[in-house]
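Residue numbers (numbering that gives the first Met the number 0), protein chains in the order written: chain A, 0 to 485; chain B, 0 to 492.
No lab work stands behind these hints: they were computed from the structure. One or more of the hints may lead you astray.
[Stated by the list, open to error] Here are the computed lysine-lysine pairs in the DSBU-like style, where the Cα-Cα straight-line distance is at most 30 Å:
hint, chain 1, residue 1, chain 2, residue 2
1, A, 480, A, 444
2, B, 356, A, 78
3, B, 269, A, 78
4, A, 250, A, 215
5, B, 356, A, 74
6, A, 74, B, 383
7, A, 387, A, 339
8, A, 78, B, 383
9, A, 74, A, 296
10, B, 383, A, 250
11, A, 250, A, 1
12, A, 387, A, 372
13, A, 112, A, 296
14, B, 380, A, 78
15, A, 129, A, 112
These figures come from a predicted structure and were not determined experimentally.
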Amino acid sequence: MKVQVIIGLEIHVQLSTQTKLFCGCPVRFAAPPNSLVCPVCLGLPGALPVINKRAVDYAILAALALRCQVSTFTKWDRKGYYYPDLPKNYQISQYDLPLGRAGFIEVAGDDHKLHRIRIRRVHLEEDAGKNLHAAGDYSQVDLNRAGTPLLEIVTEPDISSASQAKALAVELQRIVRYIGVSEADMQKGHMRFEPNVNLRIEKDGRVFKTPIVEIKNLNSFRALEQSIDFEIHRQLEEFESGGQTMQAGNKTTRGWDDQRQVTVLQRQKEEAEDYRYFPDPDLLPVAIDQGWLDQVKAQLPELPLERQMRFVREYGLSDYDASVLTADRSCAELFDQAIKAGGRPKRVCNLLTQVGLRIANERGCPMSQLGLKPSDLACLAGMIDEGKVNTSGGVKILEQMVATGQDPLTLARRLELVQTSDGGQLEQVVDQVLASQPKAAEDAKSGGKKAQKAFSFLVGQVMQATKGRANPNLVAQIIRKRLGLD
Amino acid sequence: MLDALLQMDCLDLAQAIKAGRVTSLEVTRATLDAIDRYNPTINAYLTVFHELSLDRARDVDRRIEAGQRLGPLAGVPIAIKDNICTTFGPTTCGSRILANFRSPYNATVVDRLLAADAVIVGKTNMDEFAMGSTTENSAFGPTRNPWDRDRAPGGSSGGSAAAVAARMCFAALGSDTGGSIRQPAGFCGVVGLKPTYGRVSRYGLVAYGSSLDQIGPLARSVRDCGLLMNVIAGHDPRDSTSVPGAFAEVEDMLEQLDTPVSGLRIGIVKGALDGADIPVQRSVAQAIDVYRDLGGQVVELQIPALDYAVATYYIIATAEASSNLARYDGVHYGYRSPHARDCLEVYTRSRAEGLGKEVKRRIMLGTYALSSGYYDAYYLKALKVRNVIRQQLSAAFEQCDCILMPIAPTTAFRLGQMVADPLQMYLADVYTIPANLAGIPAISVPAGLDEHGLPIGLQIMAPAFCEGRLLRIARMFEAATGWTGLVPTGLES
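The following block holds chain B by itself, in its conformation from the complex (with noise of 0.2 Å):
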């Protein structure tokens, strides 16, 4: 059995550890325990610091006990992405060329989660250079989903998600650049937040595709992401592309969390539910007469900029990423390859053995869009039509106050499905990579279980800068459903 102390949330635990009622020790042995117990088969984590944690654990208990006054996330076990630097242990991003990579340096959430006086437990595993949606492209194995051992917990941020399903965390950094925080959230049934591009430091995230990278929070409750978020946004000088100024204010997002917008507009996009499966279409059918019930209001819209959506995406992330991840070379740090006789194959032969399959490919697809008398057919005009993807997302919101939609056509693939077929892979981001040409923020809700028992996930999505109404519109539908926080059904199995 589960134990009880693992059901709470974040915001719940935090307060339990400050007033002494329970300490970060207990919680924290609680959680390696069941990480011990789950993580051999779920392979949620690439590293675990079991003596660490249970030493800034104590650390936690001894200032509370002194009386000293800590920060929101006092004592409560947090997992990371591997792909966000950290001066403890390695960063190896899911690959073979950074396996023992460490970095001499903390990602500003990094410092901003220690600031917080989070115990982080561990680093989760992840598609490789978080390029993937199954966790499958990991060079240290798949993980698995908690709720069927069979399936994939979605991707790039598959451990994340699963750690937080599994309760071997309360909750969980991911990054997002089409998708990889809000579908494996929606797959394992857990809450995942991609903010506003601009909004949390990309300081010490390994780049993937620079303009369209995002940290998030994955939890168990909608209030849980406002409180990560609470900690880990606002301006970062270290980040040109943090923003300055007065959206970098950030609200206090649990201040107004339980007030339901009212007078709530929803936008749905037409025809976008047509490739959906049926379990998927009836969910946010479900999701529109909840909010109809709350008082809502539903807005038809046109937006046929999005039918182009991942052909884009897939131009202006791999073309960054061929430039992103040049600096794997074997010269400076990471995987050297032992086999090179001399300059050019310490690079060919590292990149060769150190690179998956699907890292070399996304890499291969950007050099190429990249290449002298192809950039403009290619990279140029990608982003021109990002432009236009941007403008009429931006029109539709002077129509609506969000628009709702699935995360994915379908629930958690089968191991396996998507190896063989990258580009069906590509095309089930469809619903995902909007919010990141576009730059907005973007929820993924628990709403349901399939006819397998798996979790489907319910998008929300809002103009920049609106995480806080975000996530007031999410609280009304997890208030009014009680779909979040559900126990995975095959983890004890």
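Next up, chain A with everything else stripped away, as it sits in the complex (with noise of 0.2 Å):
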């Protein structure tokens, strides 16, 4: 028996622009419920929606780095059905002719080859509120959500692991916000993943395909990847004790329990639900003329899976630093700067990842918010490179950058962290602390067991007396010149 998995996902991407999608609210997290509405969210009779036009500009931009076709001309449409959530009882949307189609996105697989996964389209609409059901026996309706734009993003079923879906809904959250277009803020809600799930057998000479199963508005990575690993594992176990196989109009809904871990029947879909679309003939259809898409595509950056490639290929960073640095797009940014400012790509990644990372973590911000500048980044990277701070000195300087703003020279001779490769006074030191410490000097001759502890020791001394300035390497050079070691 041979099982093939099949996938397609439907992920929707919360858009950051300041208003929402058809009026002037703001889109904001955590304000008190119905704070943030006016009568065109609300849907009151009467109020007319108006487009926002940044949002298009997001949506277009994002179909552009998803490598779609951006459609010359799209509009919108209604999309009927009742739910108290949903104001209007429909929902303004984008029906046959998406903003955005036949694009893909590439993930890196665990056999560490790229998959395209083709993209079916992208269309912009506007999001629902929000039921809460925490008192009593009745439910409240919070519509501060109501209005906020939304990207859908259709793949097609090319997707053939829970893992892989996981990778490219990672993969997926980088580039939007690369772009600048989202958030993408998991526990804010800001993506959500409805994967299509069935198994392709072949059995006994003959194929089956086991129904379709879609998983319902998943929030995390975590239940992606786990409600899909589940679910393979149901429908299979289902086949084999003789289950049905696909046929038009057994497509399921199924919900995810993450604390029994099980995903849980909610729909039949017996006849395909109607929608009865329709274009909304309270809005103009939107043409996309070449100078709007060239205006967009220059606000395009290099996507993060090409400049990851790139910091590889031109840099010869390992795979691993190279998905660091690029993780957050004013990292990436830096770095390239820094680069060609003069700084050796490894030394500068290090800083980056070790020390500049950390910072931005403990503050809370992006990388772009340190204030650091790619000159300095590169001018530190060259004292570490040279011998004149060593590497403690320099991260003590790139703390210091930020915390004060000054260039790495001035901090390092404030901080006194300038090394000291002058010859002639490290030998007078050197000499001091060998006839200081006669027994480790010894010891150290003695080319036994306890010669590199010694020596190691001797050059520590070296270290402290001068404060950490000198170049351990020169003092070791020394040390070994007098001992007669060479």
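Dock chain one against chain two, each of which comes alone in its own frame, and use the hints as you go.
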């Protein structure tokens, strides 16, 4: 028996516009219920939607980043269904003319190869509010979220495992953050996933397909991966115990129970739901001309995966280092500029990934807000490479660069971290140390077991005497000479 | 006897008030007196702002006395159809489901009227959600025609038309989706203008058929229609379908009003009169003669697609309505059934109890037309036919400056006459619907009385954005005939 997993993913990404898709209400998380509303997003009688152009710009940018064809003519459609969190009982969405189509996203697989997942469509739509069931025998509706711009991304069923689905979701998060169209904060529900899962099974020379299951409303990478894994096993078991195979109309909807780690049947789609789509007469169609497209295209940065691969190719970084650097756009750009300013890639990479990201994390801000200048970063890297400061001194300097905004040379001097490379002066210090530590000097010369330890001790003593400013390599060299070890 | 003050038109009245010859308070009081006197039987108003309008009138008078410059409707009592949102008073749309609904915002046209210093005296009765041609589909009782109380005033803006005709206001706003301004204007002997689609903001007009709806004035003269258009028309950023740019620059519609259009070419659609009653046919023939006498030329037009106008309209309008009215569900505002036991019943019972028969009929028609599997055969085809109608009308306007047509095949219906036969009622919209489908402006001007003494309306249509010219053409007819401004004979009986 041969089992092939078939997964398609529907992803909703909340765009990070200041205001909602069709009115001027601010988009904000965790505001008091129904405090960010107006006649338009409340769906009051007589109120009319007006499109937020920024949201269209963002959606075009995202479509371009996902290598989609951007429609030159698109429109808004009403999707009708009754639900208390949907004040108009229709959602303004895009039906037959989505903003983008026929794109793809590339994801690095476990085999370290790139896998291309095709994107079927990308469109813009408004979010609904939230039903709250906290109190008594009634429910409440909070419409703060109603009208928030969402990007809906639908892939082709090209995904072949739960881990690949997760990898795609993570890559998508990196892309939308990169191009600045979404904060993609999972905690705030900025990304929601709905995988469609089924199996293609070859058994006894025949091919079977299990009924498609749609898992609704997953809002973490973990739930995405776990629910798909569960569903693969469940479908296989069901098939083996003589379950149904795929037919028109036997698609079902299941929810993910995070506590019990199982999917639960929600709805049997006996008949396809009829949303009665039709063009929204309150909104004009949108013509996206070449000028508009070019304007948005100009804002499209090098995408994270491309950049990651370039860092490996051009700068000889490891795949891991390159992925850490490119996870955050401002970090990757700072790195790139520091290299252009003359920094050695590996050194700059270490400074950024080992120190810069730690400081950014501690401060809870992106790298771009640390105020680091690429030229300063390159200069610091050079100072370390040339032995003007040692590595631990470099860390201190970088921390102070962020804290004070001063340049590395000034800081090195002020913090007295400039390594002494003046041979004559160092020789004096070495002589003093050797004179005061005759036992260690003996041991070092002995060539026995103790020699290495004693030698390190002597170097340490010199470093201490120079308050860490000595170049340890030079110190070692002088000691060896003095002890006649060369 | 009617107060002589109430016979003035808006323009003269505003000037008289501004000049201090009469106060807004006097005029507003006289209007409220007329409402108190006639409204109990006519039922043109659903809400009357007694205190509010007197306060506002006093304020206008005070500002005039203080030497301030006031707007073009200074102190003039105006009525508003009850599907136009106001922060004052309810906005019911003639429906039980919105009986207690109060809007937290004003429609753009209301803000414009207030900015022009009009005194808004009340909200007028209408067919529920503007669906109907008689105002009998109101949840708050029918409006009666001031010319004959056993007859309907037309609809759906029947309250506005009756209020203007009965001197219970000087002018009113209505809304027109398939003839809802022009037909009641015709039945009540007043002037009613449906502007070009996109010329007047729909923001705050409770939607029926969004791609057809347009707010417009009902008044006692062509001149007053122009005056109101000057106030309410123009681009509104809150309405995406409001036309921006050069078209939005509304010319002063009064400036050239009295200048006749020279070399006028009048279009008559071949066969269009065939279905109309004899008095109606005769009125159109007389109108042609009037224009001929004024130097006009008649052009006979063939517009075959008009045969499909009614069918096309009742698919598009009901489809849009089925979606527009989905929001009245008892969840967020408006009527909620006290009998609902769960969420689904909040929907089903609130709508079953809150919406009237005609509204339900149209929601079902529209829902059907949009259903998967039927969309292409109904809605999509209707959109295509609509385009053909638009093109044929636009081609017709290359041969003529305006098209003359009746407003309706008959004069005012008897109350109850259409209730049993909605299809008959739909078919009576045949003359008014084309202008909505094509988005062009059309006006209804009084053109005489039939053998029962009931007003007959003449319809004149013009190309998009040609309201100024349309009003001039209508003014030529008005000046030549003197049919406008008649006081309804049934008023004092």
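Here's how the hints hold up against the structure:
1. 480/A with 444/A: holds, 11 Å
2. 356/B with 78/A: It holds: about 25 Å lies between the C-alpha atoms, which stays within 30 Å.
3. 269/B with 78/A: Since the Cα atoms of residue 269/B and residue 78/A sit roughly 42 Å apart, the hinted pair is violated (cutoff 30 Å).
4. 250/A with 215/A: Distance of about 13 Å is within 30 Å: holds.
5. 356/B with 74/A: violated, 34 Å
6. 74/A with 383/B: Distance of about 17 Å is within 30 Å: holds.
7. 387/A with 339/A: Measuring from Cα to Cα gives roughly 21 Å; hence the hint holds.
8. 78/A with 383/B: holds, 21 Å
9. 74/A with 296/A: holds, 21 Å
10. 383/B with 250/A: violated, 35 Å
11. 250/A with 1/A: holds, 22 Å
12. 387/A with 372/A: holds, 20 Å
13. 112/A with 296/A: holds, 28 Å
14. 380/B with 78/A: Holds, at roughly 20 Å.
15. 129/A with 112/A: violated, 41 Å
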